[in-house]
Amino acid sequence: MTSPAITVNGLHKSFASQRVLINLDWQVQPGRIVGLLGRNGAGKSTLLETLLGLHQPEFGDIRLLGDAPAAFSAGTLARIGYVPQQTELFEWLTTQQLLDYFAGFYPRWNHERCNALLDRWQIAREQRISKLSVGTRQRLSIVRALAHEPDLLVLDEPVSSLDPLARRDFLRELIGDVLDRQTTVVLSTHILSDLERVAMDVAFLHQGRIQLQGALDQLQEEVRRVHAPAATLQQLGIRPLRGGAPDSDSVIARLSEQQLALLQTKPDALLTPVSLEDLFDEVTA
Amino acid sequence: MSLLAALSISPGAGEPIYRQLMEQIRRLVAGGQLAPDTELPSVRELAQALAVNPMTISKAYSLLELEGVLVRRRGIGMAVAAGPASQAAQAERLQLLRGTLERAAREAHELGLPADAALTLFAQLLEQHP
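Quick mapping for you: the protein sequence lines, in order, are chains L and R.
Residue numbers 1 to 285, in UniProt numbering, belong to the letters of the first sequence in order.
Residue numbers 1 to 130, in UniProt numbering, belong to the letters of the second sequence in order.
Calculated directly from the structure, the hints in this document are not laboratory data.
It is possible that part of the hints are untrue.
Simulated coverage check for chain R against chain L, where a stretch passes if three residues somewhere in it have a Cβ under 8 Å from a Cβ of chain L [what the hints assert, rightly or not]: (1) 15-25; (2) 54-64; (3) 114-126.
Beta carbons are placed, not taken as given, at the ideal position from N, Cα and C, and that holds for glycine.
Hey, can you work out the whole structure from these sequences and the hints?
Below you can see the structure in the form of structure tokens.
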């Protein structure tokens, strides 16, 4: 088994009196596309920025590609791609100047791919960045991150301003990277339909921790909305995913094979599939 | 026929995408739209076309191979099996319709529709889509 692309142990991060990340543990295996989910303000950006060394954690151990953020070598930095939520690009430069500038930092900069993406996504090369629309800036930010062919790609809400076709095209680029180079991708987004297409794993950030992580397929198969008399739920030991005891005769629960088989023999039990949106609501409400 | 044009993914359905793909391919094979020996698109091709994780496509293909619906051909990739799965008996094909009809039956109950009204509607729909 290869070592994880990301390992986080006991991470704490506060801003002034606000505790954002509380004893957070997380692992991301290499070659996976992982969706990071959470409500607004849950701390997704803080988590990603702290992983990348943009914030100093109070406690905790972080390893990206084996290195601690405080001691990233130039080699490790060149293997990490990042698309921030707010694209603070160099406003006074043109698209071409910006990309030339970044190309200088990266040994693996792929000029051919960069040019192909600029053409396909119709990003004007001689336009000043201050004159670009929000969506175009977002695309430029993605081009910048994909062009140096990173082994680990961290994407913080990369497509919030893109239309569905542009998003689809972006997903295809990601899939190409995973196919060609087994890139590890961490993708934070609120667009669950996109995530469902490309993510193998999902991780839910809530109350400062990763509350639930798993293979999306498996979660979709094991999690069901169960309508059954409270006595049945109790008898089979079915507990709501959100924790606590069942508070009604309808719960969203992660079922074992045995629980599933037993429920299917009960005429008064009704099982329905749960969408990713329902799951999000259950885990992060 | 082009498999790429026939497949469609519905995120948000609560059903894993690999299962959606398996069900659709099974139907196309059982119904004869995908004839035995038909070559399937590569994992890469289908992943890119549907904008779906390649591991999801591999999973669907491998499970269909285990079921005997597809066969892996050296150097070519996946193809539709020539075995009994592709010449599914009517009973087997009917079984593939069961899930959809079970859902419809449940909804008919929830709507308080009598059985004959629901059956009449189904008969009409069958005639409209020969």
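Okay, the hints, checked on the actual structure:
1. Residues of the region 15-25 of chain R lying with their CB closer than 8 Å to a CB of chain L number 4, which satisfies the three-residue condition for coverage.
2. For the region 54-64 of chain R, the proposed coverage by chain L is satisfied: 4 residues have a C-beta within less than 8 Å of a C-beta in that chain, meeting the threshold of three.
3. With 0 residues carrying a beta carbon less than 8 Å from a beta carbon of chain L, the region 114-126 of chain R misses the three-residue requirement, and the given coverage is violated.
In summary, the one numbered hint that this structure violates is 3.
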